[in-house]
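Asker: Each chain is listed here by its residues.
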Amino acid sequence: MRSENVAALRDPREAFRAASAEPGGNRVPVVLTDTQRAALNAVADELIPPGGGFPPPSEVGVVDDFFVRYITPASAPGNWFPFAREDEFKAALDRITEPFLRADHDGRVAQLEALEKEQPEFFGQLRALTYAGYYSRPAVLLALRQLLPAARDYHGPPLPYGYDLTTPDWDEITPPGAGSYTETSDVVRINVKGMS
Amino acid sequence: MTQPGSTTDVLVIGSGMGGAAISKRLSDAGIKVTCLEQGDWVHPTQFPHFHNEWEIEKYRGWAFDPNLRQAPEDYPITGVTSPRMMNVVGGSTVHYAGHWFRYKPVDFRKGTEHGMGGTIDWPISYEELAPYYDINDAEVGISGLVGDPMYPKRPERHGPPVKPGNGGRRMARAWESLGWHWWPTDNAILTRGKDSRFACNSCGNCLSGCPRGSLGSADVAYWPAALRNGVDLRTNARVESIQARNGRATGAVYIDRLTGARHEVAADVVVLAAGGVGTPRLLLMSAQKGHPDGLANANGIVGTHLMHHCWSFADMWFEDPIEGYKGAIGCSVHSQQFYDTDPGHDFVNGMTFLTLGSFGAAYSAMGTHTAPPDPWGAGHREAFNRHFGHHVVSFMQGDDLPVPTNRVTLDPGAKDSSGLPGAHIDYSLSPNDIALAEFGTARLREAAAAAGAVETHVTGPMHPPPAWHMMGSCRMGSTPENSVTNAYNQSWELPNLFIADGSSLVTGAAVNPTCTIGALAVRCAEYIKTHHREILTQTKTPAKDAAPVL
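So the sequences go chain by chain: A and B. For the first sequence, counting from 1, position 146 maps to 146 in our numbering; every step adds exactly one. For the second sequence, counting from 1, position 486 maps to 486 in our numbering; every step adds exactly one.
It is worth saying that the hints were derived from the structure and are not from the lab. Quick caveat, the model's predicted, so the values are computed rather than measured. You may find that some hints are simply not true.
What the hints assert, rightly or not - Far from chain A by the CB rule (all over 10 Å, computed), these chain B residues: (1) S430; (2) G452; (3) H532.
To be verified - Per the computed footprint, the stretches of chain B lying under chain A, defined by three or more beta-carbons under 8 Å from a beta-carbon of chain A, are: (4) 111-123; (5) 147-155; (6) 351-362; (7) 371-382.
Beta carbons: idealized from backbone N, C-alpha and C, even for Gly.
Start from the sequences and build out the full structure, keeping to the hints where you can.
Answerer: This is the structure we're talking about:
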């Protein structure tokens, strides 16, 4: 009797939420082993090398705060971009982990070049998660603002702030006012070149 | 088992621009309206704008393509194109760009002008639709600048045009240097507050909707007033079939997705407004005794003449900062220099050139709209720094021919979460579309050079096209032989079944369709309102000349 009452109170829309890709990614992050985390951090640092004032991905939480929320859990009913289903992703990762962690910089680059050619789907997942994760981390947003003139106002999430005060308006630019349209009564047959 | 039903004066299926406009207009007049929507409301907290991860969400829960989104309220679509749609209260307007172009008078007379492919004249003229454009514009709240000589006059807009940002200013100057027409674009984006909706604050993420209500999506532009009028909007109500008996629609059976129970709603009038793919899908799903090939489909036209527009994109990068992450993502400025059919061309129809914003840093690294991702490794930093904040995109939107072989059918092999068949799309660009898009691509390159771009990525004619627009699949017409409905959106087969959405459009013009979808819906509602009693007794749908005068 008690369980029936509990069931009756449950909002069916919870099931819809669980079956959807919601902002923020997985409500329960995927769990990675220390070795998997180390390998992914090493991969991310090769994909986006630090320098010019930009931090390495491994120091801004790309793996620990982003990959784990955007790898699709094995139990999820769907599979969303970048379509890195947990079991297959971990299996592919485990195959490269040991040689990758053993290699020096040049060796790691060579292994990633081979991976890009031979396993483009898996490589694409690694790149998408690294790029999307890195360029959404607060420490990187700060670096963008400080280092790139074109990013001086960039604050990442569009809201709540927006850019109303810094978006250029029309000011002195006015349209030339040239052009015309055909009135309904003036529409006639037009034969274009090559048209019988 | 179907639950005992309810009754209503008018049953509307779909809550997007068409369904919302009709529900509001009819309920303004005291008509009892029930609207069925298979999705739910999008709450402001469900938009991605406040999240650090807002950009990856564009490819996931806020993907345009339901096949990528895979939400329980969506239905699968197989075939060559990936339509951009959303199945929630407000429909696909919840994440449209808000570009708000009217058709031009000539767009209603393309049958007279060339008649190529399956092109026919609309059964109405621009002048007949103009008053309803005005009404719909006022309801939605359109920003812009009147006086464009490429159009008939239209009323003052609700606020000035959206800010162009550096990108819009750059393209306006480039087009002007080429001697081309350009004009600040009308947008369904508030630059002045309206009701409880805020003015746009140039956040730059309109294509993922707008939690401020600045974007004129139907859920904020129409539904609050429609609900105050008493419209019975039923969410999570997925229509399984429209019912008919003795030559008249009697209502619809829907599945309550929250409980799985089936319900029937009986209605005097049924209005189908489920979109350019959803509407033919529902009509085909509603095959029944007396209608073996689907409702309103005795002539086999349902689903045919699908148009998506034809497209070519130019991503451009400049040496100086553009800051394209600022400002409305949608088109701030456009050129219609090559809009009209030109006897000197080797194709009929024409195109509009538009601009878009650039989104943020992650989107830039991933290649922006059409380019490949920035390189990884040693070259990454230089490429990213060169690209981010230096980008403008312009694209051509061409008027593709309505041909019968471009069509929507059912795919019984693909099921939605209620077990109903998905839709399938066959679509090919015609030789005319390709010639048009190649011409437009050459003009995109000229404009990029005139703008001073130092790097470009030009797609050329895109096939399959990005199916942002779904039009023509249940088109209006002058006779039962060339169309699915008459001039008042009234199906030829069932006088009390109306169709009012993107599927109604006879031609696609070279402009975004939502403005015209809304205007047609308002006009359709006005007809139903004015002639409700006559519609209830009609046994045959009249052609325009024989129909009651609106």
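Asker: Closer than 8 Å Cβ to Cβ for three or more residues is the test here. Does the segment 351-362 of chain B pass it with chain A?
Answerer: holds (count 3)
Asker: Just to make sure I understand the rule, a stretch counts as covered if three or more of its residues have a C-beta closer than 8 Å to a C-beta of the chain. Does the segment 111-123 of chain B meet that for chain A?
Answerer: Since 4 is at least three, the answer is holds.
Asker: Test coverage of the segment 147-155 of chain B by chain A using CB-CB distances below 8 Å; three residues minimum.
Answerer: Answer holds; 6 residues pass the 8 Å Cβ test.
Asker: Just checking, B/S430 versus chain A, shortest CB gap more than 10 Å?
Answerer: holds (13 Å)
Asker: Per the stated criterion, does the least C-beta distance between B/G452 and chain A lie above 10 Å, as a non-interface residue requires?
Answerer: holds (15 Å)
Asker: Beyond 10 Å on every Cβ pair: is that true for B/H532 relative to chain A?
Answerer: holds (30 Å)
Asker: State whether the coverage of the segment 371-382 of chain B by chain A holds or is violated, taking the criterion as 3 or more residues with Cβ-Cβ distances under 8 Å.
Answerer: Result for this restraint: holds, n = 7.
Going down the numbered hints, you'll see the structure goes against none, and every one checks out.
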